[in-house]
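As they're listed, the protein sequences go chains Y and W.
So that you can map any letter, position 150 of the first sequence is 163 in the working numbering, and since no number is skipped, the others follow by simple counting.
So that you can map any letter, position 194 of the second sequence is 195 in the working numbering, and since no number is skipped, the others follow by simple counting.
Honestly, I wouldn't trust all of these hints.
[Unchecked claim] Here chain W is said to cover these stretches of chain Y; the calculated rule only asks that three of the stretch's residues, wherever they fall, bring their Cβ under 8 Å from a Cβ of chain W:
(1) 229-236
(2) 290-302
(3) 329-337
[Stated by the list, open to error] Take a look, some chain W residues computed to stay more than 10 Å from chain Y by CB distance:
(4) A21
(5) A96
(6) G305
If you are wondering where the hints come from, they were derived from the structure by calculation, not from laboratory data.
In this text, a Cβ means the ideal position worked out from N, Cα and C, and glycines have one as well.
Here are the chains, one letter per residue:
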Amino acid sequence: MMSSMQRRLNLAAACVCLAGVMPGAAMAESVSAVRHAALQERPLVREVEASLRAEDWASVYQRIEATGTEIPTNAEQELVAYRLATGLQAAPMAESGRRWLQAVAQWPVVTTEALPDAGHGIQVPAFPATHAARTALRVWQARDDAQRLRDAISTSQWPGALSPNGELLARLGDAEFDALYALWPSKRQMPADWALRWASSRPDAERVERWLWAESQTDTPSAQRRQRGFASLASAGDAAVFDQLAAAVRAHPDWTPLWLAALGELSSLEARRELRWWAGDPQFGLDALQAQARSESGREWIREQIVARGDQAPEQVLRRMLIVLVHAGEEAFLRDWAAQPSSPRPLKTEVLAWLGD
Amino acid sequence: MARRLIPALGAALLAMPVAATVQTYVESNPGTNQIALGYPVPEPVNSVTPVNGFRAYGSLLARHRDLAASPVIREERIGTTTEGRAIWAYVVGDADTRLADGSGSEGVVLFNGGIHAREWASPEVATAVLEALAAGAEDGGFTEFLVDQVEITIVPVLNVDGFIQTQRTPTQVLRTTFSGDPPSWPRDGRMRRKNMRGVDAELTTESDALLGVDVNRNSNPFWAQSSQSSHQTGSLVHHGSGPGSEPETRAIQAAAELVDANRLRFFVDIHSFSRVFFGVNTGHARRDAITRSLVDAVRAATTGYGYDPTPAGVGIGSLDEYFAYSYQIPAYTLEIEPGGNGAADYGHNGVTHDGFILPESEISRVRQELSDALLLGAYRQSGPPVVLASTLQAGTGDMVYAGDWIPAATSGRSETSTRPDSLPAGEMTLRIVFDRPMRAVDGGSVVQYRGQSIPLLPTVRLVGLDADGQNIEFAVPAGMMRWSAAAESTRYQADTLVVALSAAAGSELSTAAQLDLVVDAQDLSGQRLDANPATVATWSDGAWSGYEDADGRESDQGGASAAFRLVGAGLAEPAPSGGAVSSGGGSGGLGLGALLGLGLFALALRIQRRRRFFSARRSGSRSSRSA
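With these hints in hand, go ahead and build the complete structure from the sequences.
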């Protein structure tokens with residue numbers, strides 16, 4: 014936190030520095046904010062805002078009818094459309110609203126702001142009614158699908174085509190989601206995030222296998238999801254599941270760094286054993302050591318390796334141990350190590366450079 | 002973390018934030034003060050190895066250091082941030098600074114990543130370039146050539162403090178009110194763009210949230226000369242207190258000096274987003290034209306990136322301008338995908354600014370595509386290709402001809418050769434050796450480099466005089482040529498063209514009194530040959546020097562090279578004049594209407610005779626040769 018004294022200093026410095034400097038630039042920059050503020054005050058915009066705040070859906074739908082699906086010709090019209098499309102996400106779903114959203118989702122953006130990136134200006138939408146309409150349609154689809162899934166649970170029949178995306182997943186409670194597992198058609202590909210949620214809720218061999226299969230087939234690979242899945246399932250306390258995961262990782266090298274990162278979050282004996290097994294691996298050894306260095310016990314093991322076996326370790330492994338200790342803030346140990354006559358000179362030089370010497 | 006209470010100069014009343022709100026990005030189902038992206042919100046992962054996600058700064062740094070164990074990569078500290086962190090650069094190249102044949106100096110290339118903190122794809126792409134070079138340093142082909150013949154300096158994360166700040170709060174932004182911004186613009190947290198001058202690490206400290214300097218507005222020659230930069234400290238494009246006032250700016254300038262700034266030939270500053278290369282025209286006509294042709298080759302390796310050059314004489318204080326004007330080199334700002342529609346390009350919601358938040362599922366593809374594209378640019382700016390050697394071997398194994406262009410004592414190259422007075426009849430193998438891998442190789446097959454459409458085989462002709470003093474010209478059919486496999490290459494895969502020839506006894510070929518080898522080739526980026534190997538091409542004052550066309554003139558396009566005389570007295574003419582060798586590279590458009598069978602070069606060569614004025618042109622051009 015900046016102190017109040019500091020703020021006063023800043024302000025004083027600003028007043029001195031800004032005296033008479035480039036008034037044109039300041040004026041130019043304020044234009045868009047002024048324009049935005051003025052737009053917000055237009056009667057039509059205020060009326061829409063009031064209806065949405067009051068959840069007066071009848072008025073909102075009337076306004077949609079009045080607005081129509083013609084592409085706006087000015088920023089005010091697009092702002093109104095943007096607010097209507099945003100507000101419809103929570104509105105009762107009506108066919109007229111769906112048709113309107115589908116039309117708006119096809120509009121080109123009318124009002125844009127130049128985002129000054131790279132110095133050249135990128136046009137980004139200021140009132141992206143189009144994108145708001147797309148979002149609303151996705152939300153409506155999820156609301157529809159969630160209801161159909163709830164009906165399916167009560168009738169024990171799979172509801173047919175639906176969009177199993179994150180939007181829908183977020184709308185399902187744990188109990189109803191778990192009930193869907195038994196209904197999922199065996200030949201239908203599970204989305205990886207759905208499969209993970211099922212496996213996490215009950216980490217047995219079958220569910221874990223279905224998640225691993227889903228990960229191997231997904232077209233939306235995600236490091237975070239995989240790491241989260243490995244951490245969740247490996248910490249379940251089931252040795253068989255742990256071994257199942259470890260075996261899967263050996264068959265999918267691109268999963269290995271995330272498996273190791275996940276193990277770095279765990280304190281179990283088997284996690285530590287697995288990390289040590291990987292520590293000397295030419296490809297993933299640094300990932301394993303970095304994961305180990307997250308815990309004090311892991312750092313202690315690394316320090317012991319350097320002291321006891323550093324002179325016998327392959328240079329790549331020793332260097333990697335030193336890298337992770339530098340990043341873990343083990344400065345005192347590293348300076349001691351560098352002071353040892355037996356420590357190899359090129360590595361000493363590197364370590365001291367990394368420490369800022 | 003170190004916090005410095007540096008007085009923030011110019012915290013103007015106009016820029017003071019009011020009523021700031023922390024907002025959180027979520028995938029879906031947004032509540033109050035949440036923004037739904039429509040896809041999982043990327044957070045930094047603790048993976049050293051590249052994965053389908055964005056690596057935490059500590060993991061990236063560990064990766065860079067691990068790669069720097071390679072003998073061809075060295076780590077250099079180029080500066081210190083306002084928060085006291087080191088800024089690192091990595092120089093990739095072999096131990097010497099000479100071209101592999103020893104004839105000239107290697108060019109230098111500089112890639113910068115992470116100048117804007119929120120553009121997470123940038124450090125990933127810069128790191129991918131380093132990873133590709135480390136992995137391929139001994140691939141015997143494209144990458145090994147780059148390591149041998151270019152020095153590539155990579156700064157993976159320039160704005161270290163800002164980058165770490167965005168990763169500290171990877172799902173949060175501060176929605177605040179700066180009078181210069183539209184109210185929908187998120188600032189600080191995940192959306193911090195500037196460095197951390199005058200800023201503490203706490204997102205909720207409203208008084209400093211808008212501060213910091215835009216490092217890409219902090220350079221000469223156009224510092225503070227545009228309405229696209231601002232003196233207001235709260236502006237997204239605050240240009241700082243003076244040109245080069247920021248340690249990051251000075252660091253990237255120092256990176257250019259790490260090797261030899263005089264050899265700098267290519268600069269790219271990697272940003273996101275909008276899927277475009279911004280270029281800088283400086284008014285130097287040759288440099289501007291090269292800047293265009295280079296980016297066209299690089300863009301072809303991408304999925305639809307555009308090109309948008311800034312006119313000469315104007316600018317906003319960005320790094321590409323600094324390098325374009327200071328060094329007169331091709332310099333660009335690369336804006337990684339998505340396009341202007343942001344994440345809507347991938348079918349997501351398309352909320353404002355989500356273009357800075359590339360979905361995790363896209364980054365592996367982006368890394369690969371753009372590192373391939375950037376390395377293609379480095380390959381092209383290594384200099385134009387040149388023919389270095391040629392041999393002609395009889396089917397009996399006897400060496401009929403051997404010619405080499407070898408480094409001269411001081412500079413340039415000179416030719417040495419052993420040639421016969423006439424060629425023997427029978428099967429022969431002609432080998433033409435280039436200075437580089439001329440084609441990409443995949444699984445043993447010659448293929449196009451990513452996105453390129455270069456003729457896979459060059460045009461090769463034998464041009465000369467028969468025993469009666471009459472002109473002859475033989476165009477080698479494509480079916481008789483192939484690029485060398487790994488085992489028979491000279492230095493790199495596909496650096497040698499192998500031509501099968503066959504001449505019957507008593508044929509014109511076997512009685513040729515003079516025969517020159519004329520090669521018109523493009524390298525894998527489409528750059529044509531330096532026609533005269535005697536002068537080593539180098540970058541000088543905004544253009545190529547020593548890069549000749551088929552007529553021996555200095556050019557930036559090159560042309561056909563007649564660097565070897567296989568038969569007859571005297572040295573070959575490096576750049577014979579006239580239409581015989583000036584056709585387009587690899588086009589095969591020689592107008593060879595007459596195929597004279599006569600049993601000569603049966604199945605191997607087309608023969609075309611040209612009898613008028615040829616001798617006169619040849620003797621006329623010989624006097625102008627330089628070696």
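Against the structure, the hints:
no.: 1; hint: 229-236; in the structure: holds (count 5)
no.: 2; hint: 290-302; in the structure: holds (count 4)
no.: 3; hint: 329-337; in the structure: holds (count 5)
no.: 4; hint: A21; in the structure: holds (14 Å)
no.: 5; hint: A96; in the structure: holds (15 Å)
no.: 6; hint: G305; in the structure: holds (16 Å)
In this structure, none of the earlier numbered hints is contradicted; all agree with it.
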